[in-house]
Structures are given as structure tokens and as C-alpha cells.
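Trainee: As a plain string of letters, each chain reads:
Protein chains: 2
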Amino acid sequence: MIEIGLYMAIHFTPVTMRKKAIVALGGNALVKEGQDGNIYDQFDNTREVSTSIVEMIQDGWNVVVTHGNGPQVGAILLQNNTARDVTPPMPLGICVAESQGMIGYMIQQCLANALKKAGIKRLVVALITQALVDETDPALTNPTKPIGPYYSKSDAEKLRNDGYQMTEQTKGWRIVVPSPDPKAIVEGEIIKKMLDDDIIVIALGGGGMPVFEKEGWGLNGIEAVIDKDLASERLAEAIDAELLMILTNVEKVYLDYNTPHQKPLDNITLKDLKKYYKDGHFPLGSMGPKVLAAIRFLECGGKKVIISHVEKGWSALQGKTGTHIQK
Amino acid sequence: MIEIGLYMAIHFTPVTMRKKAIVALGGNALVKEGQDGNIYDQFDNTREVSTSIVEMIQDGWNVVVTHGNGPQVGAILLQNNTARDVTPPMPLGICVAESQGMIGYMIQQCLANALKKAGIKRLVVALITQALVDETDPALTNPTKPIGPYYSKSDAEKLRNDGYQMTEQTKGWRIVVPSPDPKAIVEGEIIKKMLDDDIIVIALGGGGMPVFEKEGWGLNGIEAVIDKDLASERLAEAIDAELLMILTNVEKVYLDYNTPHQKPLDNITLKDLKKYYKDGHFPLGSMGPKVLAAIRFLECGGKKVIISHVEKGWSALQGKTGTHIQK
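Those sequence lines, one after another, are chains A and B. Heads up: the first sequence is residues 136 to 462, going by the numbering used here. Heads up: the second sequence is residues 136 to 462, going by the numbering used here.
In case anyone wonders, no lab produced these hints; they're calculated from the structure. Treat the hints with care, as some may be off.
Note that the list lumps identical chains together, so a pair holds whenever it fits in one copy or between two copies.
Unchecked claim - Okay, derived cross-link-like pairs now, BS3-like style, lysine-lysine, Cα gap no bigger than 25 Å in a straight line:
1. 387 to 413
2. 328 to 256
3. 328 to 251
4. 154 to 251
5. 318 to 438
6. 439 to 318
7. 154 to 328
8. 409 to 438
9. 318 to 251
10. 154 to 462
11. 328 to 155
12. 349 to 251
13. 252 to 349
14. 447 to 251
15. 167 to 306
16. 439 to 293
17. 252 to 318
18. 256 to 349
19. 318 to 256
Between the sequences and the hints, there should be enough to build the whole structure, so can you do that?
Mentor: Written out as C-alpha cells, the structure reads:
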């Protein structure tokens with residue numbers, strides 16, 4: 136009996152030796168402020184951001200890299216609209232899928248090269264990923280998120296005929312789409328299996344293609360965008376990650392950001408963060424969803440969230456910078 | 136000692152219960168002759184082609200779906216060129232990666248829906264896939280493969296300035312790129328692991344992004360295209376598939392194709408097929424690479440190759456149609 140017990144303990148317990156983390160890269164990781172999005176800059180930036188991830192892997196972490204796609208999907212939408220008279224424009228979901236292919240390829244190649252250079256033998260692959268939303272999410276009937284490039288009035292008219300809602304801003308017209316709350320990541324179970332197999336996964340580009348469960352049909356795409364950090368949090372739950380690292384364009388989270396009284400947060404508890412969140416310290420379009428993702432993750436059993444700059448990932452993990460949030 | 140032997144047999148032998156197959160879908164699977172490539176037709180066609188694959192899975196096969204991308208990457212190249220003055224055009228490798236995202240998403244969603252409808256609980260995911268080529272492949276210095284749309288003379292000039300070689304055909308100018316021989320699939324080991332985990336994988340869209348091993352650097356992309364069927368064969372070797380099914384726009388392989396004497400092949404041995412291949416029965420641009428893939432696969436330990444029409448996959452597997460090639 137003892138032998139059987141021991142045997143079962145060794146052989147039927149899922150072996151997950153390494154600590155698991157999600158590293159969520161902001162849109163500025165691959166296209167920096169002022170760059171035009173050409174491929175050479177994007178590859179250079181991808182190589183740069185890979186170094187932090189290699190350090191983490193060397194330190195014993197099993198990593199899923201998620202990433203934004205703002206600049207890339209913006210360029211793809213613009214290409215689709217400019218060429219609309221010569222080839223049928225694709226809907227937003229397809230453009231997001233294209234950006235997952237493009238960015239996934241870059242990260243997969245650069246990260247594998249960097250790992251090899253560091254003498255680490257690990258497999259890396261990018262997955263096409265869908266985010267499940269609730270068909271009754273009120274956000275779906277209230278498009279609020281401006282995406283992609285600025286268009287002229289006549290182009291805006293054409294896009295409106297395609298079914299897009301358009302909004303006028305100071306620099307021109309933009310597409311506005313709903314941003315529903317992600318409920319789950321369709322490929323979550325697969326990603327967990329792959330991590331348990333020690334594979335490094337790139338997933339959830341642009342927050343994933345939003346899909347809903349259509350009765351008698353199955354999954355169906357929807358014209359919307361998903362917040363990448365809220366989606367990354369759902370994935371972190373699905374894979375039982377202990378760390379969610381959100382890398383963006385600021386080194387720390389601030390109270391009273393962009394005011395003379397702005398105050399960086401170094402270490403903060405979940406309880407205090409929730410209070411500041413409720414008090415409205417974190418704007419909806421930028422730090423808000425990141426802080427909400429942090430709150431959800433820690434409330435669902437996650438151990439730690441770090442928010443820092445894309446160039447400071449490894450430094451933040453060592454405790455040298457970043458905002459560190461724990462229960 | 137007997138106990139240890141038994142224990143090892145149970146626990147250290149890879150458990151691969153299901154037979155493994157590669158199903159390689161031709162470019163006509165998702166965009167049919169005469170269609171303009173709009174997304175609604177593409178989804179309809181994807182649902183249609185999914186039914187054969189569901190039948191196979193129901194029959195006990197573990198499947199990797201590979202696919203062409205001719206119409207899709209053609210549209211992406213055209214969009215890139217048309218919008219070149221407003222956003223930097225991407226190189227061919229990136230356009231292929233975008234097409235993998237787009238097509239992978241469609242197949243992944245439609246196939247998962249079809250499986251669910253059939254009451255089969257299986258996980259499906261599309262992977263970004265690279266094909267390794269040899270830097271010294273003579274094909275690399277001899278671009279022969281015309282790809283993508285027809286351009287005007289002035290557009291051809293711009294593309295030439297981007298570094299593309301252009302060729303004049305009767306309908307206009309086209310990009311010509313090298314088509315080197317794939318040596319291995321970079322993600323082969325990952326795909327094998329996933330299959331052994333009972334996951335259905337979509338991979339190798341457009342034959343994969345061609346990469347070579349650059350000394351002191353790692354993998355590096357190259358402006359070329361890979362034949363999807365030759366790449367699928369390399370993947371079939373990597374995953375120890377027993378069946379390679381190539382689905383295209385004809386129901387069978389023919390001798391003297393498109394002549395008054397054309398003769399369909401129903402069942403043929405490797406030896407006879409090699410003879411016909413040497414005799415020049417299969418043109419380079421169409422059936423040639425498919426037959427070469429068949430020959431390579433059977434010579435490397437594969438059991439069977441079936442070549443048939445994209446709408447006849449399941450029917451061909453049941454022996455009702457198609458060309459069946461065995462050792």
C-alpha cells in the first residue's frame with residue numbers, strides 16, 4: 136500500500152517544476168514612439184525585449200508571452216482600406232489574426248535565437264488565440280474604443296458603409312469598436328498543456344480575436360477588440376500562473392499621474408490598490424485595465440503582479456524597479 | 136527486475152494510440168475558382184472542408200492540417216503595395232506570417248465548431264510555423280516562382296526598388312521569388328508533442344516562413360516561398376505520420392494530363408510512380424512537387440499517400456476515389 140501511494144504521488148501528480156508567469160508586452164514594445172513601424176525597427180525592438188524574457192527563463196520561469204498589436208493592426212486596417220478597390224477588405228477580427236501571425240513570428244524567432252545564444256535548449260512557438268466574450272455584455276452595444284489610424288471624411292464614409300462606427304477626433308476620423316470584457320481564453324487548456332511540457336508560448340496577440348458562443352452554431356467572431364491585459368489575466372488564471380508581469384510605457388504605477396503631486400507606487404497591497412482604483416486614480420484608457428487585471432489576478436489566487444516599463448522587465452523582477460502588488 | 140521492465144514499458148514508451156495523418160489543403164480549399172477572396176466565402180469554404188477532417192478524426196485519426204495561402208498572401212501583398220505611401224510595406228516572410236494568422240484562425244474556429252457539433256471533444260489550435268532551408272540551396276540564387284497579383288509597369292518598378300525580382304507575363308508584371316527545398320520544420324518537435332497530447336494542430340500555412348541558420352545569429356528569414364506539399368512531407372516525417380493526404384483541385388493524379396490520352400491513377404506503387412516522375416509526367420508547377428512529396432514520404436517510412444480533390448478527402452480515405460500510393 137505504501138508503495139502504491141508513493142507510486143501514485145510520483146506518477147499521477149502533474150509535474151510542474153517551474154514557476155509560471157505571463158509577461159504581457161505593451162504595444163510600445165515592438166513599435167516605439169516616433170517609429171514608422173517598418174520591419175527592421177520591429178525586429179530590433181523584438182530582439183531587445185527578448186533579453187528580459189531570456190533572463191526570466193534562465194532564472195527558472197516558464198513563460199507565456201502575450202502582446203499588444205495597436206501599431207500593427209492599425210497598419211493592416213489602413214492597408215485594407217487603401218486597397219479596398221482592388222481586393223476585398225477584411226473585418227477587424229481577421230486583421231487581428233493577421234497581426235498575431237506577424238508579431239508571433241517575430242517574437243518566436245527572436246526569442247528562440249536569444250535562448251540559443253544563452254545556451255538554453257527550449258522550444259518556443261506562437262499560437263493563434265481567441266478570447267471568449269459574453270454575448271449579452273452591455274459593452275457590445277456601446278462602442279467606445281477608437282482603434283487604428285486617422286481617416287479622411289470620405290474614407291470614414293466608406294468604412295461606415297462596411298458597418299464600422301466612426302468618430303471624429305482632432306486629427307481625423309477613427310474607427311470605434313466595442314471593448315467587451317474577456318471571460319475566458321479559448322486556447323487556455325492547450326496553453327497550460329504546452330507549458331507543462333516546458334514549451335515557451337507566445338499567445339493572445341492584441342488580446343485575442345473576440346468570439347462568442349452562438350447557439351446551435353459554435354464560436355463566432357465579433358467586431359470588437361479585447362483589452363490585452365484583462366485577457367492576459369484570464370489566461371494567467373487558466374494556466375495557474377503565480378506571476379503576472381505587465382510591461383508598458385511607464386516604469387511604475389502612479390497616484391495622481393501627470394499632476395504636480397504624482398507619486399510612484401513601489402510596493403502595494405491588493406487592499407490599498409483596490410481603494411485607489413475605486414477613487415479613480417487610474418484612467419480607463421491606460422492604467423485602469425492594468426490595475427483591474429492586477430486586482431482580478433490576486434483575487435483569483437495569483438501571488439504577484441508587477442507593472443513596469445518594457446525595457447525593465449528583468450530589473451523589475453529582481454525588485455530593482457516597477458510597481459509590485461501582492462495580497 | 137521484471138517489475139522495473141514492466142514499469143518502464145508502461146511509463147517511458149510514448150503513448151501514441153491514434154494513427155497520425157497530415158492533411159495538406161490546396162490553395163483552392165478556401166478561395167475557389169472565380170471567387171474574389173471575400174471573408175464570407177472563405178469561411179463558407181472552410182466549414183465545407185472541415186467536414187472531411189471531422190470524419191477522419193471520428194474514424195480515429197490524429198490530424199495535422201497544413202494549407203496553402205496563394206490567394207490570401209496575394210491579397211496581402213497587393214494591400215501592402217497599394218498602401219505603400221501611407222504605411223511601410225512588409226517583406227514577403229511577414230506577409231506569409233500574416234496569412235498563417237488569418238487562415239489558421241478560420242480553420243481553428245470552423246473545425247472546432249464542426250467537432251463540437253459532431254459531439255467530439257478535442258482541442259484545436261493553429262501554430263505559427265517556419266521551414267528551415269539550406270543557405271547554399273542553388274534555388275536561392277535563381278528565383279523562378281511567380282507569386283501574388285499582377286502589377287502595372289510602374290508598380291513593378293517600385294517593387295523592384297524594394298528588392299523584388301519582377302517578371303513580365305501576359306496579364307502584367309509579377310513578383311518572382313526563389314522556392315528552395317525545405318529541409319526541416321522548425322516547430323516539428325512541438326507539433327509532435329501536441330499530437331501525442333491529442334491536440335489537433337493547424338500548421339505550416341503557405342509552406343511556412345522560410346528561414347536559414349545564420350552563423351553566430353540563429354534563424355533568419357529569407358525572401359522566398361516554400362512548396363507547401365514538400366514542407367508537409369518534412370512535417371509528416373517529423374511527427375511519424377503514417378498517412379500524407381494531399382488535397383488539391385483534381386480528383387486523381389493523371390498520366391499524360393490534359394492530353395487526349397490522359398489516364399487516371401487509382402492505385403500505384405512507389406516504384407511505378409518514381410518511373411513516371413522520371414519520365415516527366417508531372418509538371419513542375421502543379422503535380423510535380425506533390426508526387427515528389429509522395430515519393431520522399433514513402434521512402435522515409437511513411438505508409439501511404441493519397442492525392443485527391445479538396446472536397447473528396449473523406450471519400451478518398453475510404454478508397455472510393457483519389458490516387459492511392461503505397462510502397
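Trainee: Now look at each hint and say whether the structure bears it out.
Mentor: Taking the hints in turn, this is what the structure says about them:
no.: 1; hint: 387 to 413; verdict: within (19 Å within a copy, 67 Å between copies)
no.: 2; hint: 328 to 256; verdict: both (19 Å within a copy, 16 Å between copies)
no.: 3; hint: 328 to 251; verdict: both (23 Å within a copy, 20 Å between copies)
no.: 4; hint: 154 to 251; verdict: within (21 Å within a copy, 33 Å between copies)
no.: 5; hint: 318 to 438; verdict: within (21 Å within a copy, 44 Å between copies)
no.: 6; hint: 439 to 318; verdict: within (21 Å within a copy, 44 Å between copies)
no.: 7; hint: 154 to 328; verdict: both (14 Å within a copy, 21 Å between copies)
no.: 8; hint: 409 to 438; verdict: within (16 Å within a copy, 61 Å between copies)
no.: 9; hint: 318 to 251; verdict: between (36 Å within a copy, 20 Å between copies)
no.: 10; hint: 154 to 462; verdict: within (18 Å within a copy, 48 Å between copies)
no.: 11; hint: 328 to 155; verdict: both (12 Å within a copy, 20 Å between copies)
no.: 12; hint: 349 to 251; verdict: between (44 Å within a copy, 12 Å between copies)
no.: 13; hint: 252 to 349; verdict: between (46 Å within a copy, 12 Å between copies)
no.: 14; hint: 447 to 251; verdict: within (22 Å within a copy, 43 Å between copies)
no.: 15; hint: 167 to 306; verdict: within (20 Å within a copy, 41 Å between copies)
no.: 16; hint: 439 to 293; verdict: neither (46 Å within a copy, 51 Å between copies)
no.: 17; hint: 252 to 318; verdict: between (38 Å within a copy, 22 Å between copies)
no.: 18; hint: 256 to 349; verdict: between (42 Å within a copy, 18 Å between copies)
no.: 19; hint: 318 to 256; verdict: between (34 Å within a copy, 21 Å between copies)
In this structure, the one hint that does not hold is number 16.
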